[in-house]
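> Next come the chains, spelled out residue by residue.
Protein chains: 2
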Amino acid sequence: METQRSNGSPPETHEAIMDATCRALCEYGYANLTMQRISDELDKSKSLLHYHYDSKEELLVSFLEYHLDEFATRLSLDEYDSAADALSFTVDALFPDPDDSNDFEVTMLEMGMQAPYNDAFREQLQENNARLKDLFTRIFEDGIERGEFEAIDPERAAEHVLILLDGVRGRSVVLGSDEPNEVGRDAIREFIQAITVGDEDQ
Amino acid sequence: METQRSNGSPPETHEAIMDATCRALCEYGYANLTMQRISDELDKSKSLLHYHYDSKEELLVSFLEYHLDEFATRLSLDEYDSAADALSFTVDALFPDPDDSNDFEVTMLEMGMQAPYNDAFREQLQENNARLKDLFTRIFEDGIERGEFEAIDPERAAEHVLILLDGVRGRSVVLGSDEPNEVGRDAIREFIQAITVGDEDQ
Chain A
0 METQRSNGSP PETHEAIMDA TCRALCEYGY ANLTMQRISD ELDKSKSLLH
50 YHYDSKEELL VSFLEYHLDE FATRLSLDEY DSAADALSFT VDALFPDPDD
100 SNDFEVTMLE MGMQAPYNDA FREQLQENNA RLKDLFTRIF EDGIERGEFE
150 AIDPERAAEH VLILLDGVRG RSVVLGSDEP NEVGRDAIRE FIQAITVGDE
200 DQ
Chain B
0 METQRSNGSP PETHEAIMDA TCRALCEYGY ANLTMQRISD ELDKSKSLLH
50 YHYDSKEELL VSFLEYHLDE FATRLSLDEY DSAADALSFT VDALFPDPDD
100 SNDFEVTMLE MGMQAPYNDA FREQLQENNA RLKDLFTRIF EDGIERGEFE
150 AIDPERAAEH VLILLDGVRG RSVVLGSDEP NEVGRDAIRE FIQAITVGDE
200 DQ
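Keeping their order, the protein sequence lines are chains A and B. Start counting the first sequence at 0; every next residue gets the next number (numbering that gives the first Met the number 0). Start counting the second sequence at 0; every next residue gets the next number (numbering that gives the first Met the number 0).
One thing to keep in mind: the hints can contain errors.
Given that identical chains are not distinguished, each listed pair holds provided it fits within a single copy or across any two copies.
Unchecked claim - Straight line, CA to CA, 20 angstroms or less: simulated DMTMM-like cross-link-like pairs of lysine to aspartate or glutamate:
1) Lys-132 x Glu-178
2) Lys-132 x Glu-69
3) Lys-132 x Glu-181
4) Lys-132 x Asp-177
5) Lys-132 x Asp-98
6) Lys-45 x Asp-80
7) Lys-132 x Glu-122
8) Lys-132 x Glu-56
9) Lys-45 x Asp-185
10) Lys-132 x Asp-39
11) Lys-55 x Glu-144
12) Lys-43 x Asp-96
13) Lys-43 x Glu-26
Everything labelled a hint here was simulated from the structure, so no lab data went into it. Note that the structure is a prediction, hence the values are computed from the model and not measured.
Could you put together the complete structure from these sequences and hints?
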């Protein structure tokens, strides 16, 4: 993952472009994002951006992929003593932080809403989802193998957690409220408790 | 609810305008919706639409309210023998039908994504959500009172169900898949089982 990207930019250039995209997205929102605004955020010549990306769409697909890679790198699950810890850590990493501005959450949802109309976005978002789902599935499989969790279906458990996470994210943005956040955390906690061996009656 | 609307249109005119809006939204999507396209769907003179609504935004806020009223009218909960039946019926009514085109779901989510930028949309969507949440809360309260459900917090239970429903809806649209639908139904069923008296161990 540290090698050159398919667009041919070296890692540090790629990272600079991705950071500029993130700032421009948070500042202007998806609808008002332009290549010019990303260029303005980038402390490099404007031609650099156009050299690497033919279109805003191509850049944003790359941004979705970058965001996924960055997230996956942050989660190195080997460090954890129990599947339950790995699960809590992963859920926390995906939970919207109520102290942060929700500009980034709004932007990600807006890109999600392009999926029905935009094949490249939909494919990348499906890929992002598949990797997240695979991550949760492996944690559930590991927990079952270690005897921590009941013999549930790990893939369905992963989908259940992702439904809760996406539900919380969507409701927080649309309703402008922290309540989904609190209730969602409890719901995920209760779900984990319910499948934890010896915890059935809690 | 059968009296004149705040915009002054008689019920049958209001209904005709709302139906035309629904068709235009499903056909062209939120981004390409115009007053002209709604007028074209309406089997009345074009001036009628402009007489009742100054802007597309005003019309769409009215549409969100109409959709909520229509849904609330369909659910007359007095008919049910048990809170569990009322709950299943309400969940079913809100679940996206996998046999239907998801154009309408996409459109509703797109309007939801306007909420961070548009006060009138956000207020109407908060109102829609408050009424749905109130509906679920009353069902949970009723079930607790009848001794069907454990003494859970009815409002938090309502929020939990709405998080699952919104998570399913969002994931189905973004990923273009029926899987969230299936897993989400099971998740809601398991949640209801877990709070049903005498069903704790299922």
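> For each hint, tell me whether it holds in the structure or not.
To see whether the hints hold, each was checked on the structure:
1. Lys-132 x Glu-178: between (25 angstroms within a copy, 12 angstroms between copies)
2. Lys-132 x Glu-69: within (16 angstroms within a copy, 37 angstroms between copies)
3. Lys-132 x Glu-181: Classified as between; 16 angstroms across copies, 22 angstroms inside a copy.
4. Lys-132 x Asp-177: between (25 angstroms within a copy, 15 angstroms between copies)
5. Lys-132 x Asp-98: neither (26 angstroms within a copy, 25 angstroms between copies)
6. Lys-45 x Asp-80: Answer is neither; intra-copy 47 angstroms and inter-copy 68 angstroms both fail.
7. Lys-132 x Glu-122: Intra 15 angstroms, inter 34 angstroms, cutoff 20 angstroms: intra-copy only.
8. Lys-132 x Glu-56: neither (25 angstroms within a copy, 38 angstroms between copies)
9. Lys-45 x Asp-185: Cα proximity of Lys-45 and Asp-185: none, with 47 angstroms in one copy and 51 angstroms across.
10. Lys-132 x Asp-39: Result: close neither inside a copy nor across copies, 36 angstroms intra and 44 angstroms inter.
11. Lys-55 x Glu-144: Neither way: Lys-55 and Glu-144 sit 45 angstroms apart in one copy and 56 angstroms across, limit 20 angstroms.
12. Lys-43 x Asp-96: Neither. Shortest intra-copy (31 angstroms) and inter-copy (50 angstroms) distances fail the 20 angstroms Cα cut-off.
13. Lys-43 x Glu-26: Intra 19 angstroms, inter 43 angstroms, cutoff 20 angstroms: intra-copy only.
Hint check: violations occur at hints 5, 6, 8, 9, 10, 11 and 12; the rest are consistent with the structure.
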